[in-house]
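Q: For reference, the chains in residue letters:
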Amino acid sequence: MAFGPYFLLASLEGLVTAAVLSLMALGLSLVFGVMRVVNVAHGEFYMLGAVLAWWFSTLVGGHPAVGFLLALVLSPLVVAAIAFVAERLVLSRLKYEPEATIVATIGLLYIVQQLALTFYGPEARPVEAPFNYRISLPWFGYSAYKLAVIGFSILMMIATWFVLTRTKIGLVMRATQFDRETAQAFGIPVGRVYAGVFALGAGLAAVAAVLIVPIQQAHYLMGHDPLLLSFIVVIIGGLGSLRGTVVAAVLIGLSDGIISMFFSPTLAKMLATLAVAMVLVFRPQGLFGTVAR
Amino acid sequence: MAAVTPLLVTRDLCRTFGGLRAVDQVSFSLPEGETHAIIGPNGAGKTTFVSLICGRVAPSSGSVVFAGDEISRMPAHRRVRAGIAYTFQITSVFANLTAFDNVALAVQRRLIDDRARGLSARALTEQGMDALTRVGLAEHAGKVAGNLSYGHQRLLEVAMGLALKPRLLILDEPTQGLSDGEIDNFIALVRQIGAEATVLLIEHNMDVVMALAERITVMEQGRILAQGTPDEIRADNAVQQAYLGG
Amino acid sequence: MPGRAEGGVTRAMANRIKLTPSAKSLALHAGVVLLLLALNFLLPEYHRGVFARVLVLAVFAMGYNLAFGYTGLLSLGHAMFFAAGLYGAGLTVYHLEWSVWPAFAAGLAAGTGLALVVGFLALRTTGVAFMIVTLMFAQVFYLTTLYFTTYTRGEEGLVLPQSSRVLAFPGGALNLSDPSTRYLVALTLFTLVLTVILFLVRAPFGRSLVAIRENDERMRMLGYNVFANKLASVVLSGLFCAASGAAYAVLFGYVGSGFAAIQYSILPLLWVLVGGAATTLGPLIGTLFMFYVIDTASSYTTAHLLVVGLVLIGVILFFPKGIAGTVRGRWLPWLP
Numbered sequence: 245m246a247f248g249p250y251f252l253l254a255s256l257e258g259l260v261t262a263a264v265l266s267l268m269a270l271g272l273s274l275v276f277g278v279m280r281v282v283n284v285a286h287g288e289f290y291m292l293g294a295v296l297a298w299w300f301s302t303l304v305g306g307h308p309a310v311g312f313l314l315a316l317v318l319s320p321l322v323v324a325a326i327a328f329v330a331e332r333l334v335l336s337r338l339k340y341e342p343e344a345t346i347v348a349t350i351g352l353l354y355i356v357q358q359l360a361l362t363f364y365g366p367e368a369r370p371v372e373a374p375f376n377y378r379i380s381l382p383w384f385g386y387s388a389y390k391l392a393v394i395g396f397s398i399l400m401m402i403a404t405w406f407v408l409t410r411t412k413i414g415l416v417m418r419a420t421q422f423d424r425e426t427a428q429a430f431g432i433p434v435g436r437v438y439a440g441v442f443a444l445g446a447g448l449a450a451v452a453a454v455l456i457v458p459i460q461q462a463h464y465l466m467g468h469d470p471l472l473l474s475f476i477v478v479i480i481g482g483l484g485s486l487r488g489t490v491v492a493a494v495l496i497g498l499s500d501g502i503i504s505m506f507f508s509p510t511l512a513k514m515l516a517t518l519a520v521a522m523v524l525v526f527r528p529q530g531l532f533g534t535v536a537r
Numbered sequence: 366m367a368a369v370t371p372l373l374v375t376r377d378l379c380r381t382f383g384g385l386r387a388v389d390q391v392s393f394s395l396p397e398g399e400t401h402a403i404i405g406p407n408g409a410g411k412t413t414f415v416s417l418i419c420g421r422v423a424p425s426s427g428s429v430v431f432a433g434d435e436i437s438r439m440p441a442h443r444r445v446r447a448g449i450a451y452t453f454q455i456t457s458v459f460a461n462l463t464a465f466d467n468v469a470l471a472v473q474r475r476l477i478d479d480r481a482r483g484l485s486a487r488a489l490t491e492q493g494m495d496a497l498t499r500v501g502l503a504e505h506a507g508k509v510a511g512n513l514s515y516g517h518q519r520l521l522e523v524a525m526g527l528a529l530k531p532r533l534l535i536l537d538e539p540t541q542g543l544s545d546g547e548i549d550n551f552i553a554l555v556r557q558i559g560a561e562a563t564v565l566l567i568e569h570n571m572d573v574v575m576a577l578a579e580r581i582t583v584m585e586q587g588r589i590l591a592q593g594t595p596d597e598i599r600a601d602n603a604v605q606q607a608y609l610g611g
Numbered sequence: 010m011p012g013r014a015e016g017g018v019t020r021a022m023a024n025r026i027k028l029t030p031s032a033k034s035l036a037l038h039a040g041v042v043l044l045l046l047a048l049n050f051l052l053p054e055y056h057r058g059v060f061a062r063v064l065v066l067a068v069f070a071m072g073y074n075l076a077f078g079y080t081g082l083l084s085l086g087h088a089m090f091f092a093a094g095l096y097g098a099g100l101t102v103y104h105l106e107w108s109v110w111p112a113f114a115a116g117l118a119a120g121t122g123l124a125l126v127v128g129f130l131a132l133r134t135t136g137v138a139f140m141i142v143t144l145m146f147a148q149v150f151y152l153t154t155l156y157f158t159t160y161t162r163g164e165e166g167l168v169l170p171q172s173s174r175v176l177a178f179p180g181g182a183l184n185l186s187d188p189s190t191r192y193l194v195a196l197t198l199f200t201l202v203l204t205v206i207l208f209l210v211r212a213p214f215g216r217s218l219v220a221i222r223e224n225d226e227r228m229r230m231l232g233y234n235v236f237a238n239k240l241a242s243v244v245l246s247g248l249f250c251a252a253s254g255a256a257y258a259v260l261f262g263y264v265g266s267g268f269a270a271i272q273y274s275i276l277p278l279l280w281v282l283v284g285g286a287a288t289t290l291g292p293l294i295g296t297l298f299m300f301y302v303i304d305t306a307s308s309y310t311t312a313h314l315l316v317v318g319l320v321l322i323g324v325i326l327f328f329p330k331g332i333a334g335t336v337r338g339r340w341l342p343w344l345p
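The listed protein sequences correspond, in order, to chains A, B and C.
Counting from 245, one number per residue, gives the positions in the first sequence under our numbering.
Counting from 366, one number per residue, gives the positions in the second sequence under our numbering.
Counting from 10, one number per residue, gives the positions in the third sequence under our numbering.
Some clues are possibly wrong.
Taking lysine-lysine and the DSS-like style, the derived pairs with C-alpha atoms no more than 27 angstroms apart in a straight line are [as the list claims (entries may be wrong)]:
#1 C:Lys-330 with B:Lys-508
#2 A:Lys-339 with A:Lys-412
#3 C:Lys-33 with B:Lys-508
Read the hints as simulated data drawn from the structure, not as lab findings.
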């Protein structure tokens, strides 16, 4: 294949990564933005979403789309419910003290990972895509499902943006983010808002995971790399900024796709991680955003 | 005992936050040994101004000269060692350490630099207790600072400043939140300190200002509105209108 | 008049304020070391092996404790300092056929140098950003060990030949693969680091670190160079972690990427939290406790990660001060 088409292919793959990554990073960013805590277990919610997607899809027979749609609806709900319970049982009791929360979510990470290993096993399992159409481009064929993933992610982002900026739920969340004490004084149930945000963040990770399982397989260790990438996206995009998150996800997704063309994946990861660490050291407000308060 | 050069001089000192000029071209001079009060309405830039002097905030432009040395680019911790001590407006003690350990940290820092005397447990104890005694907290030395009353925590702040044996002690609203009886003690304490060090005092309580200050600077919107002895300030019409409320 | 009380109070305080450990705490720590020495001759073979490993890893935990417990720096990247020591010693033994002393020194140099660079960069950030930056630097280090798999053999790792693991002295040599020798060498390193930390925390430097943890802005306005003190803490912490890693390489003869992975950044955090952050004996207690908890759990279930997770959450929820911290809070306030 000539360089041009090859580059196009890499860019398309990069966009798919970016689409999934922005959903996942958005979840992390929301939790950090509103609750001011870092959820280290975010990658495990993603993994859980994928594993549950596999399980739900095996429950029903018939056309693969049925199983997939069932997973797309139920898996995020179950993951969100689990996150809600974890928030109420653990994080709320820690008073959202940042370092204690980090330690607790590390604990959560291990627990979820171990449960997945015990009940799901060490195998990687695929979920069949809801449709199997290939779009023929002049140079290569490309999976229509992958393009659909990009489209669906954009829809989800718009929906999230709408909820955050145009609805009462969004208003309550922003009020809580802006000033917790005042929000409480105005009768906003801050505890429930926090639990809701935590559940929403986990749910977004699960949606991202369901979208990815027809492309990558579900595996109990799959949460690790996306977690790091999400950290990177959230940092580069500026914490708590929706637009920054999307731009950063596209940037990271594309460069991930393109850099891997020229370097070994390990070297690409090394350089990217080092670069982002340096961004955080020298420009802690991110490349686009301003310091979140 | 008038010094030839003032202890502290600022020239055209500016600091902007975003578009706001918190401190606007302030030229100010403080002779050694003076007790000087800065007054002005909230948001006049008083705390920003002293923060520029002690180095907690970097200036946008202008210069700060302390004891003849240009210090506007010097990091805060080195300014402290050069002799500028700052007590926080919002009480900022080490809440989990004892009152003595709080003061000992200040003494320790000074003794590290004191080549002649050197750092020893004995010197640490003596000088730490000395500072606590001066503010009247000796009997609370072993108590955890966070458990002290608010008034005692304010005094502990001052004791930490004293323990540094500064040439210039900056007190940022030291009497805020104190009872009348505590304020009287405080006035006596600052008078004592003023006998040996230069004191720069931000204060809202006019009784305290009039009782202590040899000279007063009135700030408004980041600028110096007036400067003079307490009597002159009391008589100043502009000040009357702007601040003292007629 | 306050002046009257001065003399009496000063004299009373003079007996209490010391810059060196009290006789009581020196006796306690000497007792712990003697007990550990006796255990070398009393423990059955299997447990002696476990204890030797715990002693080496407790040094790792003590190093982590210096940064996290005393200075309040939550790092999620300390595996890189441990692994730098491990590889610094292991690779020089394996590829350059260095003897143990210079290899050990190479491990220390690698870890300390790395800590200096990483500390210099990462300490520009605080709090959560510091955690993420250290995590990322450690990830880069881990990926580096994988990338140079020709030399490191990645996850599979290298086994150092027994013949190279000999500690030469002017009067003879110690065979480090002998269980008793290994235990005693591990104990020696542990005792050395424990002693340094015991004296350090009472010394002005240690007091400064704790005060920086409590309120760094106030420390700055007392004239302390907060950055330099934090950096010194990170470098010393890196040195201890590297010592642990280098000792691990020459005592147990295995060097692998697994030790650079994120788990080995989280484990010292776990050990220190369980044992008690900012206590001298907490790291040992925590490491020992977790080793046996996981050991016991492993005989019932393979799900030892579950145990780690539950203990982490349980400790942070119900015993945030850890074992030694709780003992100090309730019964022995003089415990360092």
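Q: Give a verdict on every hint.
A: Comparing the hints with the structure gives:
no., hint, result
1, C:Lys-330 with B:Lys-508, "holds (21 angstroms)"
2, A:Lys-339 with A:Lys-412, "holds (25 angstroms)"
3, C:Lys-33 with B:Lys-508, "holds (22 angstroms)"
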